[in-house]
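Colleague: Now for the letters of each chain:
2 protein chains.
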Amino acid sequence: MNWRMMTPLIASLALGPAAVSDEGMWLYNNPPREQIKAKYGFELTDAWLDHLMKSSVRFNSGGSGSFVSEDGLVISNHHVGADALQKVGSKEKDYLKEGFYAAQASEEIRCVDLELNVLQSIEDVTAKVNAAIPAGVGAEAAFKARLKAMLEIESESFKSTGLRSDVVTLYQGGAYHLYRFKRYTDVRLVFAPEQQIAFYGGDPDNFEYPRFDLDICLFRVYEDGKPVKVTNYLKWSKNGAKEGDLTFVSGHPGRTDRLLTTTELEYLRDTAFPYQLERLKRREVLIRAWSERSAENARRAKEDLFGIQNSRKARDGGHAGLYDPLLMASKAKSEGDFRARLAGKPEYAVASAAYDRITQAQEVIGKNALRYRLLEGENGFTSESFALARRLLRAGAERPKPNGERLREFSEASKQSLELALFSDKPIYEDLEILTLADSLTLLAEKLGYQDALVAKVLAGKSPRARAADLILHTKVRDVAFRKKLYESGADAVAAENDPLIELARLVDPESRDLRKLMETQDEIKQQAHAAISKAQFALDGANTYPDATFTLRLSYGTVKGYQENGKSIPANTVFSGLYQRAKEMDNKPPFDLPARWQKQKSSLGMDVPLNFVGTHDIIGGNSGSPVVNTQGEFVGIIFDGNLPSLVLDFAYEDVQARSVSVHSAGILEALRKVYRVGPLADELATGKRKH
Amino acid sequence: MNWRMMTPLIASLALGPAAVSDEGMWLYNNPPREQIKAKYGFELTDAWLDHLMKSSVRFNSGGSGSFVSEDGLVISNHHVGADALQKVGSKEKDYLKEGFYAAQASEEIRCVDLELNVLQSIEDVTAKVNAAIPAGVGAEAAFKARLKAMLEIESESFKSTGLRSDVVTLYQGGAYHLYRFKRYTDVRLVFAPEQQIAFYGGDPDNFEYPRFDLDICLFRVYEDGKPVKVTNYLKWSKNGAKEGDLTFVSGHPGRTDRLLTTTELEYLRDTAFPYQLERLKRREVLIRAWSERSAENARRAKEDLFGIQNSRKARDGGHAGLYDPLLMASKAKSEGDFRARLAGKPEYAVASAAYDRITQAQEVIGKNALRYRLLEGENGFTSESFALARRLLRAGAERPKPNGERLREFSEASKQSLELALFSDKPIYEDLEILTLADSLTLLAEKLGYQDALVAKVLAGKSPRARAADLILHTKVRDVAFRKKLYESGADAVAAENDPLIELARLVDPESRDLRKLMETQDEIKQQAHAAISKAQFALDGANTYPDATFTLRLSYGTVKGYQENGKSIPANTVFSGLYQRAKEMDNKPPFDLPARWQKQKSSLGMDVPLNFVGTHDIIGGNSGSPVVNTQGEFVGIIFDGNLPSLVLDFAYEDVQARSVSVHSAGILEALRKVYRVGPLADELATGKRKH
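Here the protein sequences come in this chain order: D and C.
FYI, the numbering for the first sequence is 1 to 692, going by this note's numbering.
FYI, the numbering for the second sequence is 1001 to 1692, going by this note's numbering.
Worth flagging that the hints you see were computed from the coordinates, not collected in a lab.
Any given hint might turn out to be false.
To be verified - Below, simulated BS3-like cross-link-like pairs (lysine-lysine); rule was C-alpha separation at most 27 angstroms, straight line:
1) C:K1600 to D:K589
2) D:K91 to C:K1584
3) D:K313 to C:K1447
4) C:K1457 to D:K331
5) C:K1691 to C:K1054
6) C:K1584 to D:K589
Quick caveat, the model's predicted, so the values are computed rather than measured.
For reference, chain D alone in the conformation it holds in the complex:
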């Protein structure tokens, strides 16, 4: 990070987000008209917003996208489409890895279980929902009445419009809005590049910038067996975006925690993140060292390792952000200011008291978190086998209980996913299990102390490695038939079962369940307190704020803009020559190897054509695949990542170094025409219609 650039951030924080920064994941029915007008002189019109809204697409598998032709063509990220690509492929046809192109309509492959939603309207139903709650009833009755009202509104709306209708809880209960979507379930695969170029640079370049990724995937939406004709789609910009341009992101940020109090953020910074990072790094070293011992080990641990590295990078980035004293100071200031406004007003007494309730709950959490994570969170027993043993043990105890009294993962609603996990025949590797269980038993002993009474019982007079080998070599839980039989034999059989790992789960269970209950109670206290604060905030500032992300459509805006890092300027965009340079400097070795096509077609590519770019947009996970549009509402790029400093956006907006990362519209066309030679598809993007 470049810290001589800090002054603007202070200014931005002091003056408040509206005046200077590009903060906000705004609701389409409460867009930041004044802020944009003030900073950029640009007027957001209703027509402009309506068009962008109806051109935006939600991938229910967890991402965003947009219509880019009147013939139902939808663009999203390769990593958003990855699941669909894998499902339509086979052992012989690895579309995820090799890419895909349907030259003709008949070759477009229908995706297995992909649902797309397109938002049509938003209606504020807060009054209706609140009116349904009888005055003076308790929390539980209020919850039931509210749920009933929401279901009724949804069902009425569906009956009258035929549209998918969801009542969305915003501002943690401060407002309820009815979102109506067009649903599309016949979605067909049109084009995907090789994963190698979509995720070029792999883990080393993940969350980094400069980048050179063609992270795109194209689908076509069908209705009644024919491509859907849409009136709202994004026109392809002729020139794309350049440094300094005002641009907009329309997508579905999944979840933010912008309303955490300073005591909660300090807890994350000082306790939770350091512990999580210590464990992630420990596991990364463990699994990587083991992976390097053989190709087979590497194959077995590949997914685990990538998941750990991805989490470690994300956490490290967020943690570094929390260490920014300016960010924390601005949080403390706005919290203090807001509490001052609540003080002495009887109508906000609950919100006013909520801060201390949160602090108290946080203290209880802090005192119990380590044991909770080690025991109930299984950090002390990390292995597939222990997870199975515990599920079997608890299924015995929980299933005979009334549905409402069970641990939630044993409720009737969770039955299918429980049984899916319990009876899965995915391979579990004895050697990897011993490795991870031994290491986590060591962690348990280190953290709770070798003399701790429970640790002594868990280790049973053996070293962690000896105990882990003993448990894994003697348990039967890796046998699906054993699991099925025990699960079906019921509570008495489970209680009588003396499999060593089930016995271990049993040994830990009383304290583990107590800790879970304690932590859930504190979480509930915090949630109620947050709802009170959030409602007060909405009542006082509703018009000027945006709610935490809810995986519903939001509008962000920002400037295409580079940044400074350790005294060096990182330019706003990369170009094709940079990709080839990177491959060369990394000796074309994985994950920096270029697909054969890219090597072959190098000479035909425009080396100065932009490939990726960064901007100050306020985004978070779920925004993957969001279109970036210019003031004309034209498609200029597609979000696919945030850089490391952007990982703090979970908690607070920052624009000194935090950047969204997008594929440039010009780079997409260039690659389609020159590398993939799919002229008709490129033409469809460029003209907004398909040639028939």
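Given the coordinates of chain D, assemble chain C onto it according to the supplied hints.
Modeller: For chain C alone, kept in the frame of chain D given last:
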């Protein structure tokens, strides 16, 4: 580890080392005759011992070796010779990487600063040393008198024999022995294989087994410009060693801590090792992730990374050993037994009280270790730049003091190495410096707390990353001329210097110095207490014990023997076909790639010829290059590593899984003849003389 094999260990520990196990790094003048006779029925004769002693060679750069021909040929490990190989090479001739062979005497290259020592005799001078100390003097006077007596003995011996004469302190002062060595300083390089095959498998296979390393290097010793003629050299065994064979290791173990008390071991297990491992793994992830971002990064961080990985593996292995409750129980039992023997005997009152003194000192250490490591140990400021800044700052304050009152690294004796480090122009990389300093400042804040007064001053209102970038970008200490000038300008100039990193060092200095003083005092208390215990032990059991390692010649013995791991048998030796199989299963990718010669000559090699083997010998760092001999005193192999479980041998002997790892004599000959085609050299080994 295989834990169903534990019973023999319990038996071995219960019956004591002499009866069952192969424990011990024995003195040549107190060899384990009875133990070997009892267990193996083999008689150690004086002639046998004398021959092996005089055939053994100490590499003063830190390893072992042996004469293997009457013409002064010495064999050691490639990694022992690495420093010499690098020094005689050039940019054009990278002998370390490419290997070396002198086909004729005239091609043998003289090593730059290599000194070899060959032990000729040992004389017990304990009485003489002790007699020199006047009765009733204080500790300091006793220390001075003892030192004087030792120097006189050494000087007299040198005068009368012309041999290098060292008085060695054994049993921490329980005994003093005079070691007389023949010194050789004209040592010439004869043969080295490629580093690729010497360290085959690199870090992933380091400390692991099975192994496939040709970790050898051959030198010839010259005197008066001619190869030395020796009468004591090891004959090459015709068949080498096989599973079950009794074999001996004659080498120079560097340092062991076998006499640590249980409270000290518990401290290592529960506090010191977990902290060190957390930090090592954190740094490994940091530097590795950064290395993977570019080939240049990888080049810059390569050495650091390998060092960290090597330490992490070693620590992890030692830590796992300390978690073995049987090992700890046996330690506790023998300590309890010994304390019972001391109890009530006035002559052992000091030794008897020493245990509690150690525990008390350990408690003080435990309370201060974290701050000490972070501040004085620079764990909170990890960077070359901070180390330089601190050295400059302290040189200013220390150099005007009388020599005896300075911090030891500023004494006159250390002047040369201080100035070497201070004025070295080895490159220091700004980006890597920011990376490591930022991470260690984060560690500092995490461990001491964000609210800690010193942490707040260190961070100066910035985030760790911002502060690190600020310090590294603005300090002048990376400029050699600046360092030289400031160092030479003296105390006042240093006191007036406001370079930001020197200011940081100054800020930390008062507390850091206090912590150092406190810790050094506790170490001194422990050292004195250990000396008292050790002397009592020697007085009571001298004849039956061996002292902690002192980098002087020791004899170990053991069986060539495989072991069990996670329910699998690891055989005692590997063969050439295993090497090719390993290369194949790892796709011949680094560090598993075979040198070109080895690929080319594959068909001519005997695939069943043994390459490496393991044994139960009691070894530790410094034993690298030690010859392994059979009962006939013939060379059957050369130690080059220990497996992971052997890393606990620092603290206690273990023979369930701990194994020495050697190159097999047959494998050496086979490689020399068939891969390197150096028949004359192979003949010299096989016949014990060079053809002229």
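Colleague: All hints are to be evaluated individually against the structure, with a verdict given for each.
Modeller: Checked hints:
1. A hinted pair counts as satisfied when its Cα atoms are at most 27 angstroms apart, and K1600 (chain C) with K589 (chain D) qualifies at roughly 25 angstroms.
2. Only pairs whose Cα atoms come within 27 angstroms are accepted, and K91 (chain D) paired with K1584 (chain C) is accepted, the gap being roughly 25 angstroms.
3. Between K313 (chain D) and K1447 (chain C), the direct Cα distance comes to roughly 21 angstroms. Compliance with the 27 angstroms bound is thereby established for this hinted pair.
4. With a C-alpha separation of about 22 angstroms, the suggested pair K1457 (chain C) and K331 (chain D) falls inside the 27 angstroms cut-off, and the hint holds.
5. Our distance criterion of 27 angstroms between C-alpha atoms is met by K1691 (chain C) and K1054 (chain C), whose separation comes to about 23 angstroms.
6. As the CA atoms of K1584 (chain C) and K589 (chain D) are separated by approximately 19 angstroms, the hinted pair is consistent with the 27 angstroms bound.
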